[in-house]
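**Q** Starting from the structure of chain U, add chain Z where the hints point.
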Amino acid sequence: MAAKAPWGRKQMVFFFCSVRGLSKVLDKKTVLFDRHVALGAKMVEYAGWDMPLNYKAGLVQEHLATRSKAGLFDVSHMGRFVFRGRDNLAFLQHVLSNNAAALNVGESHYTIIPNDQGGAIDDAYLYRFFEDEYLLVVNAANREKDWNYFQKVLKGFDDVDMVDRSRDMALLSLQGPLSRSILAGLIDSGDSGTVVDGSMPEPLRNCLSIVTINGARVLLARTGYTGEPLCFELFINGEDALMIWDLLLDRGAQPVGLGARDTLRLEAALPLYGHEFGLDPEQKQISVFSCSLAKFAVSFSTLKGDFVGKAALKKQFEAFRRIQYRDYSLAEDLPRIIMPVAVTGKGIARPGYRVFASDKHVGYVTSGTMVPYYKYVGEGLQSVLTEEKQMRSICLALVDSDIVEGDRLEIEIRGKRTDAVVVPYHLRSEAPPYARPAAYDNLFKEKEPVSTANDLQAKALTLLGKAVDNTLWRQGQCVNLIPSEQTASSLTRALSIMDPAGRYAEHKQVKAFAEADVFYYQGTDFIAEVERILEEQMRIFLGCSEVETKPVSGQMANAAVFSSLVDYINRANRKSEQRRIGRVLNHHIIKGGHLSAQPMGALRDFVARDPNTERPAVVNFPVLAENPYKIDIAACREIIAEYKPELIILGKSVTLHREPVAEIRSFVDEMSLDCLIMYDMAHVLGLVGPYFQQPFAEGADIVTGSTHKTFFGTQRGIIASDYKRDDVRWPLWEAVRRRTFPGSVSNHHLGTLLGLLMAAYEMNHFKDEYQKKVLANAKAFALALKEAGLDVAGDADIDYTQTHQVILNVGYGSGPEIAGRLEDNNIIVNYQAGPQEEGFTASGYLRMGVAEMTRFGMQEEDFKSLAGLIHDVITRKKCVRQEVTLFRKRFLDMRYCFSGKEFDNVLERLHRLI
Amino acid sequence: MIKEGLLYTKQHEWAKAEGNIVTVGITDYAQMMLGEIIFVELPAVGTEVIYDHEMTVVESTKAANDIFAPVTGKIVSVNSALESEPELINKDCYNAGWICKIEMASDASLDLLLNAEQYKQHVKGFEQQ
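Protein chains in written order, with our numbering: chain U, 1 to 914; chain Z, 915 to 1043.
Hints listed in this document are in silico derivations from the structure and should not be mistaken for laboratory results.
A hint or two may mislead.
Unchecked claim - In silico lysine to any residue, SDA-like type, Cα no more than 25 Å apart, as pairs:
1. K416/U / S991/Z
2. K42/U / N1004/Z
3. K346/U / V959/Z
4. K389/U / L956/Z
5. K389/U / N1009/Z
6. K346/U / E997/Z
7. K346/U / T961/Z
8. K416/U / E997/Z
9. K375/U / A995/Z
10. K42/U / Y1008/Z
11. K375/U / Y1008/Z
12. K988/Z / G933/Z
13. K346/U / K1005/Z
14. K389/U / N1004/Z
15. K1005/Z / Y374/U
16. K644/U / Y723/U
17. K346/U / G933/Z
18. K42/U / Y55/U
Here chain U stands alone, though its shape is the one from the complex (with noise of 0.2 Å):
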């Protein structure tokens, strides 16, 4: 911290660099310094580079933009270092903290040069575009001593080049809302040529392509140090650079200069060499540990070996993990951590003021300003940014890490202390395409106080009407295009609450007794017939000589399967600890997969941890990449040929397209691997049939569903398999029973599986009618909303779906909105994130079902004609409200089901008994 100032004394000055001198003549300019002088920035010296500290906008506004919009800062003065040669990953496993060996061509990560003794000698971030190439980018401070650092332990080493390309090579980051559009406008594709790697990287942090603009190659990261959730680094051949700078602020990016960078990375707390990292104030080192990142930038896989403080790092993340659980047994080994700051009192919090507890010094900020934020309005989902600019006083502190979050500190400064809190965090980048601030004052909602009142009676008769009125508006008034959902018919509905409903009725097969059914309770004769019949009525639906169906949802069903597989792959280990599923092919998630078969979802306590990536052991089904909701069979037969899968999971939430399911095993047989082939029919167990599809017929092991999507409901879920007996996996059939009950059930709701006895007797009844109709509808509503001119996802040749299922594109971000709008209007559907979408808050994409309303009699025409209404309302804004009503009320009796006299007296009679 350069103290000179050009007048006054006692003149503090924090920022990381200083003003240039006029006279002072600095050797080290970017390839766009002549651009950043043009557009009037205040250059200064940093790390030996004549740097913009911020151009005419200034700090503050450069920081609001890039959070608003899209900020555009040039870092080519950040170290860049490529690595070639034999030895290139045995050299970096041995210089850095993280596991090199965990980045697939197409991967970055963040990692530490750590130092023997568990300090950094900087932190950097490792790039893999090509296979035989890693690409280190480290502080422009640091660079000329990392490079003399690994000049040195390259003498180790037999076969490494190493390079720095910090010069021929420019960077530059372009962060904030508006960064993926504008990148998305410049990328050169569809002719062949020019295209070196397709398009944007997947729509995940840390993804890497490599693309054309206006001709020249660019390497493109989602990566960045502004705690945007779009966010893209840009590496370019110096001779290209000016001409994409220049593209990229034409397109609307705006210059932002080193100042801006610092308070973005600063809210965002992320750790800067020199004040997180290196020495604290006291000129003591930083343990690694003492900033929270460490945690993915630290990898102690046994296959990384040994590498630079890894001894030191271990005891810091041993004392670390303790600290979590508030145990400072060994904080000792970690006595201080990075915490952040909100400062509530008056005052800024600098670096090197002094932090206390309870009059107590417990440490130091090492980073803290003001930071500006624009404010948002309204509640969640529906908040929105304001152009009104709020600012907060924050920072990092390093304190005794028995601080917690939620502690009340002083700082000190200038000899007075002002109050401050330990906060949990300064920003949020979950909910793309958006960084939110999170001010101390807002960080969540207090929950409202419980009202004691005593007028539970009034309070009952409220909720009555309110269910009346909603069931009058969802049943009477709307379209319900929710492709998951589905009204069950009312017999259905009725044997739902009849007796069996509340009542219990564990049973299972004992082997004993010749596997007779044992019921642990009495009273459960007519239960259990209805288990019986319902069990026969699913085999025949699904041609297969297994269901199970004490499952209540489709996820639960999922997990007992998972389940049954990590017992059935340990039958012949009961002793030691049972190992879990060693590598899962499924759909990804931003792909269409669903919630169930993902590691967030229920597949995380049955998957194995890749011992490589040090993530869950899953590889995602390759998609085409002019058809993102297909599978690519040709690449998803490399897939299986690489990786052996031990389950495949086929099926998705978000599906168009028929499941390849008999390519997929005859891969598998072809192969003779040991894999379980599964298919969660959730959103198309009403389809299977001629049709659609027959798993079986066509080779699934194991299918999955929920009973209320296509299928005529209730809400539960089913396991079905064609083992037989003397089948090698019969034992696998077993297990599922034994992991749904008692693994996963103890009651297993039977008022509902009553009701889905019915719904089978339905389905086996209509199937060929409503299965035919479903489909055709599908198709008719796609192609009119095509007709009308919305963008319409998927296949144009198998006019878009062979599903229930119809997707709409309605613009990056905007679903939300639209879907909003559509139920202002009483069409009922949901937004959906897309392939090429970051996350649900950023979904562009609608996400609609024919199934419920062609239950309820909807024709072809009909669906023409809500194609007009739903284009009415997302194109032109109209209103459409009343139409929609009365449209509706064409479609209030519902088909598929059994109907007249006989049935309409015994429906009053299940009525009189509740």
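**A** Quick look at chain Z alone, frame taken from chain U:
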């Protein structure tokens, strides 16, 4: 921009005396060198201040800068608009960006301040460094 008719300190404060009340702010040169002002620590009304001693602090995005009292006396009012809009100093340092008013105990120190021409020379000295 250096405004005629005001008095200046070598630490780049300006002072405007009207009777025994002196209004104080920082100069255009100071605000330019500091960059964007993000916080002004306003002194408490009633505080006694001494000529050429620290009186309060103005912070910009990159620095905290002490403000020195141009005269000896007592703070009688402060510009509370700066609490929510510290950037007023950047926008209009000689008017809306004033910091405080001091009731002089003695006007002796006024003679020690620079006039506009002297301050211009003083600033030129820095620019040539």
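**Q** Look at each hint and say if it fits the structure.
**A** Hint-by-hint comparison with the structure:
1. K416/U / S991/Z: Between K416/U and S991/Z the Cα gap is close to 22 Å, so the pair holds against 25 Å.
2. K42/U / N1004/Z: Answer holds: K42/U to N1004/Z is near 16 Å, not above 25 Å.
3. K346/U / V959/Z: holds, 16 Å
4. K389/U / L956/Z: holds, 21 Å
5. K389/U / N1009/Z: Roughly 23 Å between the alpha carbons, so the hint for K389/U and N1009/Z holds.
6. K346/U / E997/Z: holds, 10 Å
7. K346/U / T961/Z: holds, 18 Å
8. K416/U / E997/Z: Holds: K416/U and E997/Z sit about 18 Å apart, inside 25 Å.
9. K375/U / A995/Z: holds, 20 Å
10. K42/U / Y1008/Z: Given pair K42/U, Y1008/Z holds - Cα atoms ~23 Å apart, limit 25 Å.
11. K375/U / Y1008/Z: violated, 30 Å
12. K988/Z / G933/Z: holds, 14 Å
13. K346/U / K1005/Z: It holds: about 22 Å lies between the C-alpha atoms, which stays within 25 Å.
14. K389/U / N1004/Z: At roughly 16 Å apart (the allowed maximum being 25 Å), N1004/Z and K389/U satisfy the hint.
15. K1005/Z / Y374/U: It holds: about 20 Å lies between the C-alpha atoms, which stays within 25 Å.
16. K644/U / Y723/U: holds, 22 Å
17. K346/U / G933/Z: violated, 33 Å
18. K42/U / Y55/U: holds, 6 Å
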